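**Q** Produce the complete structure using the sequences and hints provided.
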Amino acid sequence: MASYKVLVVDDEMGIRMGTRRILQNFKVDYPFMDEHIEYIVLEAPTGEEAIEIIDREMPDIILLDNKLPGIQGIEVLEYVKKKLYDIVVVMITSYASLELAVKATRDGAYDFIPKPFTPQELRSSLENITKQLFLKRMTQKMNKEGRLIRFQFLSVLSHELKAPINAIEGYLKIMHEKQFGDNITSYKDMIDRSLERISGMRSLIMDLLDLTKIESGKPVQHMQSVDITKIAGISLDTMRPYAIQKDVDIYLNTKEPVMMEADPKEIEIIFNNLISNAVKYNKQGGRVDIFIHKDNNKIRLQVADSGIGMTEEEKSTLFQDFVRIKNPKTKHITGSGLGLSILKKIVEMYHGDIDVESIPDQGTTFTITLPADNS
Amino acid sequence: MKKTILIVDDDMDYLFQMKLKVEQFGFDTITADGQKEAESIIETVRPDLAILDLMMESDDSGFILAYKIKRMYPDVPIIIATAVTAETGITFDINTDENKQWIKADLFLDKGIRADQLQREINKLLKI
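These protein sequence lines map, in sequence, to chains X and B. Just so you know, the first sequence maps onto residues 1 to 375 in this note's numbering. Just so you know, the second sequence maps onto residues 1 to 128 in this note's numbering.
The hints are simulated quantities; they were obtained by calculation from the structure and are not laboratory data. Please read all numbers here as calculations on a predicted model, not as lab measurements. We put the CB at the ideal spot given by N, CA and C, even for glycine. One or more of the hints may lead you astray.
Said to hold, decoys possible - Computed Cβ-Cβ distance ranges for the label pairs, DEER-style:
#1 Leu161/X / Met72/B: 29 to 37 Å
#2 Glu35/X / Glu57/B: 27 to 35 Å
#3 Ile41/B / Glu35/X: 36 to 44 Å
#4 Glu35/X / Glu23/B: 47 to 55 Å
#5 Lys124/B / Leu161/X: 27 to 35 Å
To be verified - Here are the simulated DMTMM-like pairs of lysine to aspartate or glutamate, each with C-alpha atoms no more than 20 Å apart in a straight line:
#6 Lys173/X / Asp13/B
#7 Lys81/X / Glu52/X
#8 Lys162/X / Asp59/B
#9 Lys36/B / Glu314/X
#10 Lys162/X / Asp75/B
#11 Lys19/B / Glu268/X
#12 Lys173/X / Asp110/B
#13 Lys111/B / Glu169/X
#14 Lys188/X / Asp13/B
#15 Lys81/X / Asp111/X
#16 Lys162/X / Asp11/B
#17 Lys19/B / Glu39/B
#18 Lys19/B / Glu169/X
#19 Lys255/X / Glu268/X
#20 Lys162/X / Asp60/B
#21 Lys178/X / Asp13/B
#22 Lys19/B / Glu177/X
#23 Lys188/X / Asp11/B
#24 Lys230/X / Glu268/X
#25 Lys188/X / Asp207/X
#26 Lys162/X / Asp13/B
#27 Lys173/X / Asp11/B
#28 Lys173/X / Asp60/B
#29 Lys19/B / Asp189/X
#30 Lys315/X / Asp13/B
#31 Lys127/B / Asp75/B
#32 Lys178/X / Asp110/B
#33 Lys315/X / Glu57/B
#34 Lys111/B / Glu160/X
#35 Lys36/B / Glu313/X
#36 Lys173/X / Asp116/B
#37 Lys162/X / Asp33/B
#38 Lys162/X / Asp110/B
#39 Lys70/B / Glu23/B
#40 Lys162/X / Glu57/B
**A** This is the structure:
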């Protein structure tokens with residue numbers, strides 16, 4: 001059971017008592033709230049006392065009379081505004097002049113309740129305020145959580161870095177204790193797995209370096225006129241040993257130079273990511289086709305594979321940090337889960353688009369469209 | 001008769017190493033590489049104890065699986081072995097009433113736990 005503190009500021013004891021009585025058993029619920037909200041009523045007969053209570057008790061809602069013995073209600077309102085307190089202020093007043101109403105609204109009064117009010121009027125006004133306040137606080141909380149994404153990223157990262165270390169350490173312990181005897185060949189699988197985890201870790205670190213470069217504010221871009229076809233060729237050469245190992249053929253179907261304004265390093269990261277994925281998630285004897293088109297002012301990079309493909313559902317999570325598609329077909333494939341989120345960030349920097357078409361068991365085609373002129 | 005322990009983890013190396021350890025303790029093992037596979041296993045097999053990873057297909061796979069196992073076999077002790085707590089600073093204390101209601105695990109263990117400690121915890125839960 002949550003409760004909101006309501007401070008009633010009025011020199012008339014009848015109003016204060018009445019409010020207390022009306023709100024005593026009143027509860028508000030809302031479909032989004034998983035609990036009722038009830039009220040704790042605080043009272044102040046003067047503005048001065050109100051300010052004291054506000055500082056001490058931090059009420060959620062203030063019902064504020066303007067006409068008070070010492071300082072006026074509007075001054076209490078100004079105080080709340082100046083302190084940037086997260087309090088909803090409602091003016092209760094019998095003679096609300098237009099001038100006062102305008103000033104109070106400008107100073108952040110949320111509502112006016114004319115005096116005298118019926119219990120029903122007070123309750124319905126408070127119900128609205130409560131819902132508004134609840135939603136506002138929920139939104140604030142979610143924004144704050146948005147700032148936590150960075151922290152979550154680091155948490156997952158440390159998990160991703162720790163997992164291979166644990167795995168390798170585990171194997172080393174088994175070997176250290178000679179649990180499978182003295183013959184080193186008994187440990188072959190464990191050594192292979194350890195090497196595999198180390199190479200996974202290395203590629204994670206490489207990806208992280210790429211990501212840091214992109215994310216460290218304004219990236220240092222070395223924009224120049226570059227031949228995209230040539231860069232695709234460099235990337236292809238880098239990936240070739242891996243492709244041979246996986247028995248996948250890669251074809252660069254565009255031969256002529258295609259020029260664009262870009263940072264060659266970034267274009268290479270794009271190709272490296274796309275080609276390595278196309279090889280990695282392919283089948284034995286599969287192929288990867290690379291096409292580069294230029295029409296009008298757009299460059300289109302296309303990498304198509306004859307691989308395992310993915311479902312619509314899998315596609316939807318593709319570009320998130322550390323998301324890797326997990327299914328029996330990808331079980332033995334390692335990766336950092338960062339490649340495509342890096343790719344997406346680069347493409348966004350160039351104000352480009354990524355399109356993915358995929359059919360399970362037939363293959364996936366990534367199409368990246370970039371503006372040719374980025375000067 | 002040997003007791004059977006179900007081990008579920010999507011990290012194949014961890015799964016292999018855990019299986020090895022548990023078998024050295026003298027138990028039989030069944031392994032699954034994720035929530036889905038584990039769910040189909042428990043349809044037909046009642047393990048004597050389950051050791052689950054937390055983050056598998058989704059971040060809370062371990063919790064969901066624990067819930068499902070407890071629903072089918074309320075008496076099967078469940079250990080959730082995770083590296084999550086240390087890294088995220090999220091600590092799960094199953095000793096508060098509120099958490100007991102939804103976290104259906106008997107014990108949380110850090111993944112880096114030593115073999116002898118693990119054996120002791122398993123024996124305690126199996127009342128050996």
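**Q** For each hint given before, does the structure comply? Return the numbers of the non-compliant ones in rising order.
**A** 10, 11, 25, 28, 30, 32, 39
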